[in-house]
Amino acid sequence: MLNKNEVKRGISGMLEFPCDVERLANKNTLITDAGDETSQGSEIIEVDLLGKVVWRYGDNLIFAHSAERLENGNTLISDTTNNRVIEVNPNGEMVFTSDGWSDGTGLLSDGTHLHYPNDCKMLTDGSMLITDRNNDRCLVCSKKGVVLWSYDFEIKHPHNCSITPQGTFLIADSDGNRIIEVNKEKEIVWQCDKAGGKQLNWPRSAVRLDDGNTLICDSRNSRVVEVNVENELVWAFEVSYFANFYKAVKLPCGNVLISDQQHHQVLEVDRFKNIVWQFRNYRNTNTIHQRLKNGSFKQRGNTSDAPPEDWILFNRFSEGGGKVIWDENESPRPCPGLEYDRNGVVYLQQIVAVEPGRTYKMAGKLKTQLYDKNSFAYLQMAFLDNLGGLIEDASVAPKGNMFVGENDWQEDVFEATAPQNAFAAELRIVLCGRGRIFAKSIMLLQL
Amino acid sequence: MRNKEMIIKKMEDSKKIVREAFAKYSIKDLSIAWTGGKDSTLVLEAIYQVCQEDGLPMPKCFCIDEGDMFKEVRDFITENEKKYGVQIEYIHNDDVSKAAGGKLGATVKISDLNKRNRAEIERLGYEEDEFDYEPESFVGNHLMKTATLNMYLEESKVKGFFEGIRWDEQGSRANETFFSPREKTEYNPEHMRLCPILHFTERDVWDAHFEYNIPICSLYKNGYRSLGARITTSKTTDVPAWEQDLENTDERGGRRQDKEGLMEKLRELGYM
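Sequences listed follow chains S and U, in order. Letter by letter, the first sequence follows residues 2 to 448 of this note's numbering. Letter by letter, the second sequence follows residues 71 to 342 of this note's numbering.
The set of hints was computed from the structure by calculation and includes no laboratory data. Backbone N, C-alpha and C fix where the C-beta goes; we use that ideal spot for every residue, glycine too. Careful, some of the hints might be misleading.
[Said to hold, decoys possible] According to the in silico footprint, chain U covers these stretches of chain S (three or more CB under 8 Å from chain U):
hint : stretch
1    : 289-298
2    : 431-444
[What the hints assert, rightly or not] For lysine to any residue, the following SDA-like pairs were computed, each having C-alpha atoms within a straight-line distance of at most 20 Å:
hint : chain 1 : residue 1 : chain 2 : residue 2
3    : S       : Lys122    : S       : Asn29
4    : S       : Lys366    : U       : Gly175
5    : U       : Lys215    : S       : Glu416
6    : U       : Lys80     : U       : Phe140
7    : S       : Lys368    : U       : Glu206
Construct the entire structure; sequences and hints are all you get.
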């Protein structure tokens, strides 16, 4: 039986945040679900054409980004926040983990550890091609962890690397906003940073097609583009909403399979851009409050490190860190806060229903102790559409003052108008980077 | 004068909005929110020009006194009421200032307030028993400005009022319309917000002041760029507002930090 404040999370088989996707030989689709906003529910699911989940694996995965079905029937998974790659058999037994490298230390032969691997592929010779995102590199290593090749020259947070029929490597240099093709000698032999006259914005996958064209998932532009070797745009699938597509692959029939993260779905589109297949079984398990609740934090959670009632700890992007803390000495009552020690972001959040076109003022008091110049905190209202997707990227969504360094209690107020397609807003107390913050008197006014 | 024709054109467009409003509503049902600031004084000028040209009486004027007005602003309004042929009505939330003993910074017990003000506090989701009487705190601002305005709208029964907001002020105003209808809610009657200078930039506003010889409150000459409550409005320079680098600095200067560097960092993190 669930307590009042508990939500059933990590629902088995429910697709929350799709990353990698591939169509299998048996016509089923293998989807990597990175899980929900509280870092639960990451799993690999195999669905048939009717949308039935026929296989799943989710033991201890945190924010997994990729899965590949191997010829032997096993599945190779990049288990991102756990900083490892694993292989599981059809019975769900783990038959390999990179945690076992170097006598259980997980170290590669060069003495480094995988850090936030976003992609892993098995090459024909049995070695693995891994995109090691937070180490800003792509590498080939043996199953025993011996590094055979790596590329780490001027790329930033790559999400995907694939090998072409010619044996070159296509790298989605996401923060570099470009795709590069490098040969074994590590020379750039081709690159693409714009398509159809528009700069790529955070591309997260690229695949070389049989005819020499390249299919690119241009995430923040919410489009998938196909360019030829001269970088001319030959095909594009673009949507009007913020989709933040993660992966796009071309099927033998010419259709394209796309994972749409914001709308929690996988789409298959034909050359005419008709959606010919879709998998979506999402429902938001968070309560959508009619109005802000417990903004004064009078109701605490069940345990000392639980978020206040009606709030959740959003740690999907916190790379395994981040926790709720309480200042017990604050008056008139203890107040909650966040403590975080890495480079990502963590927040306290609740979702409140909004009316399109209405203006909202969010206010609250923050106290901050931030440890370096790259760390900051702020309040935010991120609007959601009716499919539960963010209407715009959180880096541009309405936010208040960005607090840096040490601040005693300061009140911040900002306002934002709900777009015409908004139906709710995620109200957030955000900590980005290293430090601790406390919050009190969060308020929301509908004007 | 930069681009005189453009300023004249913008002013004529504003007057068109005023005339449209006059065609839609009886003048006695309209009101002007005049704060003494540069934007609302420009609105007042546009309305005055229309009334002069068309032989019409001026609508009534009100000013929200949040309890911490600059003397210079009050003097400025008094000096110019005659010029524009209006008599200002100061509106004020007496119930709140009484509960605070008329003292800024004093702690107000919510139980001492009337039902209306208590409802306005509840609306915010504020759950404490008391708050500090500071006009620019969220609770204070809401009671002293928004709630006061709502009470005025109810009592005066006006159908609409003119205000001096602009598209370039802040992101959330970018989608405002010249005629911005407000539905009836629990807290305010149905009314129309009339925004005739939405299309002016901050620079245009100053250019228009010089083009039409519109009076300017002395605080702007002394370096204030935007006028709010006395204790929370500061200036960072003695340079007159219109000579400051309007295009590259924040109008509500000093309050907000430069976000750009951090925004870039946020984007780089690649977090959603």
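Verification of the supplied hints:
no.: 1; hint: 289-298; result: holds (count 5)
no.: 2; hint: 431-444; result: holds (count 4)
no.: 3; hint: S/Lys122 with S/Asn29; result: holds, 19 Å
no.: 4; hint: S/Lys366 with U/Gly175; result: holds, 17 Å
no.: 5; hint: U/Lys215 with S/Glu416; result: holds, 15 Å
no.: 6; hint: U/Lys80 with U/Phe140; result: violated, 30 Å
no.: 7; hint: S/Lys368 with U/Glu206; result: holds, 19 Å
The structure fails to meet hint 6 from the earlier list, while all remaining hints are met.
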